[in-house]
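Asks: Since chain A is already given, all that's left is putting chain B on it; use the hints.
Spelled out, the chains give:
Number of protein chains: 2
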Amino acid sequence: MSEFEIIRDIFAPLTKAAPGAFGLADDAALIDAGALVITKDMLIAGVHFLPKDPLDLVARKLIRVNLSDLAAKGAKPIGYFLGCAWPSNTKREKIELFAAGLKDDQERFRLSLYGGDTTMHSVKAAPLTLSATFFGAPPARGMNRRSGASAGDDIYVSGTIGDAGLGLMALRKELKFTTVDKASLAGRYHLPEPRLSLGAALAGLATATIDVSDGLLADARHLADASGLRAEIDAVSIPRSPAAASWIATQDNRWRAIGALASSGDDYEIFFAAPPAMRRSVTVAAKASRTEVSRIGTLTRGEGAVLVDENGAEIPVPSGGFDHFR
Amino acid sequence: MSEFEIIRDIFAPLTKAAPGAFGLADDAALIDAGALVITKDMLIAGVHFLPKDPLDLVARKLIRVNLSDLAAKGAKPIGYFLGCAWPSNTKREKIELFAAGLKDDQERFRLSLYGGDTTMHSVKAAPLTLSATFFGAPPARGMNRRSGASAGDDIYVSGTIGDAGLGLMALRKELKFTTVDKASLAGRYHLPEPRLSLGAALAGLATATIDVSDGLLADARHLADASGLRAEIDAVSIPRSPAAASWIATQDNRWRAIGALASSGDDYEIFFAAPPAMRRSVTVAAKASRTEVSRIGTLTRGEGAVLVDENGAEIPVPSGGFDHFR
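Top to bottom, those sequences are chains A and B. Following the numbering used here, the numbering of the first sequence begins with 221 at its first residue and continues without gaps. Following the numbering used here, the numbering of the second sequence begins with 221 at its first residue and continues without gaps.
Isolated chain A, as found in the complex (with noise of 0.2 Å):
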């Protein structure tokens, strides 16, 4: 099976959609879309992904995390380029199975795929690596913007928080409560959901936003940084799903518990800032998306990110968040 074989057989069909991408049969791909919303991410087998995860899985989650990074500044997907290093010999049964996996997501998000690169390592050990660079046409609003809150700004979180990071656990077998629902916490592991629908209500309404992919405190640290504040998060207000506050109540210290969950990565969710004057506009933009959405905080003068308690105390939290580089 040659490179190119590859590319006219399993990669060209994930084009049709796209005139410009030329069926992938020529050197680059020709866009004109005016502005344009761009963004990368990559993962990486064990790193970003388990090394037995199912490829279609796997292929899934790139476009999730790279629409993730679209829905956070009320982008709305158009298609991607896709890089991929395959270990040497990987099977055909293989990247096919992985291309189902974007067709399925391509048709769910409505997406073409419009160029990218497919080689394989030298050798076999070496792990997977995907890169994708996704675009989008920006909100009619202007992109939503990490920087631009304000001193007194509500925090919000879409979703529930620290479901994937207790998946990541089950995966690896190291939840051993028959309490929990792991099965749902691991498909939260494998398919993040983007919130696509409030990343674009929120255009012209957030004064700023962020995906949540590091940690939920690692990314209202970086949202807070991005305009000079801190970030005081109420962390009884945390959104929690039913399992994740089923392993909340195996823990003998609740506190550490919830800072575990909100240090953990892959929650894929939004975390953004509004002034108190639009908290109306936030309960109207997420019933409008159809996506829960809790206000969980304020931002104030100061610096970092950190969880209070009841009474306005910080509860100490040992980790900052998720970090390739740990």
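There's no promise every hint is true.
A pair counts as met if it fits within one copy or between any two copies, since identical chains are not told apart.
Computed cross-link-like contacts, DSSO-like style, restricted to lysine-lysine with a CA-CA straight-line distance of at most 30 Å [stated by the list, open to error]:
id	residue 1	residue 2
1	296	402
2	323	236
3	311	393
4	344	314
5	344	272
6	236	296
7	323	402
8	236	311
By construction, these hints were calculated from the structure, which means they are not laboratory data.
Replies: Okay, now just chain B, sitting in the frame of chain A:
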């Protein structure tokens, strides 16, 4: 050294010229350039560069192989998104050396970094894997396409062919002949010269263009295939550098040596077709862009790409060009 420090200290300075990159402090970049030509090429240690190659040269090669795609399409480069998967425990100095190479070529080609992803492999033995998505403005006359040539069109190639392949052999100590200028050949392997001026000058003139990266014969076949034609290349007319000519002189079988050069990768020249009536215009375009261009054959009815001798007889060539999957 955290991922955030690497981004803030080493990569963010590379975005100074691009307001839409937001200093790498947002989830996505915003680009407002009307139509864009976009391409993506990956480089993997041990496949596309030697694991011991200096990282500043690797960075510049990453830029140049992508610029070569834009050059073939006649596009004017604007910027790029960068994905790096470093072996675990990569030292800061190495990443800084890599970024210094990026900076050099950014200045040379007036580019900006716009975004990307910086990750580390979970294992030290994993090969450095680089992925870049480059974008540029299409030429006013429209992007040069790979398809669109007619039977009877002349075919041309820029620069000289086979130097990078010999350079790779030299770097691997596989070239024993003291009469051959190994340093200049190695230079062609490390630092290809993207033919941006020529590509732009060919807009509206060439009927089909392609970047020569897989080898002259392989890419000639790709271009011919795209128009449903056959490329017949006069073996003696293939341009060669003095160093390559001196290597050919060391070989027992001259045709076989020419065939090997036409099958070796990494030339990063432009191969293109134009009608015989445009010969003068091609000469003018080559002069205006200060790029050597050689007329090396004809497109005919049929399929494939072949080398022919002075009598028009086909010269057998064992391999169909460089392919990462072999």
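Asks: Would you list, in rising numerical order, the hints stated earlier that this structure does not obey?
Replies: 1
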